[in-house]
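Enquirer: Start counting the sequence shown at 1; every next residue gets the next number (the working numbering).
Note that these hints are calculated values from the structure, not bench results.
By construction, the Cβ of each residue, glycine as well, lies at the ideal position given by its N, Cα and C atoms.
Where hints are given, some of them may not hold.
Label pairs and their calculated CB-CB ranges [said to hold, decoys possible]: (1) T165 to L74: 41 to 49 Å; (2) E166 to A27: 21 to 29 Å; (3) V46 to R120: 23 to 31 Å.
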Amino acid sequence: MAELHFFTGTMDSGKSTLALQTNHNHAARGRVGRIFTTQDRAGAAVLSSRLGLTHDALEVDRAFDFWSYVVTSLTQGARIDYLICDEAQFYTRDQVDQLAKVVDELQIDVFAFGILTDFRTALFEGSARLVELADRMNVLQVEALCWCGKRATHNARTEDGVMVTEGEVIVVGDVESGEPHVPGEAVDVAYEVLCRQHHRRRLTAARAKAVSLAPEPLPFG
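Turn these sequences into a full structure, and let the hints guide you.
Expert: Written as structure tokens, this is what we have:
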């Protein structure tokens, strides 16, 4: 029986790498699949991992219909045994419902990969629906680490080096960006994984370093 699988973890936990590995394993056994992604840091129609691995993919926008795509492909004689869906947190509720229908009605396996919560610690729309519908939910065992060494559980967004907890949910940024912002240029958006304690305190690695380098106050006023 086909199943809807949801693999989740924070940034840097290896979701895209696992997506590529899953596709490789199934393709090596003669199965035929399709790879989908959206808002990938490498650009449109590309699934990329932080290890440098990439694969061509079909770009999913908010109007994309998985059910129509799969049915049309099968009607035209294509073979589809499974779907790889990366960055599934950005999918709409309806699109996740379409994936569940593909599994139930067409007996095609779906492997979805995505982050659970956004930088505000709120569930993404696509991830919330996957939690509700998935036959199997798997939390990745590769643990991302906060700058303090504890297990990272939250995704933080910084703008010009300052952590923010409000703004647009979907903004593509660089997780390794460290360049200072030049006045008059676009805001520099970056992401970082933090433990809950440091996310609550808005204490990013850069801010923690700045604090540690600050001179000690004199013992007298």
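Enquirer: Now tell me if each hint is right for this structure.
Expert: To see whether the hints hold, each was checked on the structure:
1. Between T165 and L74 the beta carbon distance is about 44 Å. The supplied range of 41 to 49 Å therefore holds.
2. Evaluation of the 21 to 29 Å hint for E166 and A27 yields a failure: the beta carbon distance comes to about 42 Å.
3. Taking the beta carbon of each, V46 and R120 are about 27 Å apart, inside 23 to 31 Å as hinted.
Of the numbered hints stated above, the single one contradicted by the structure is hint 2.
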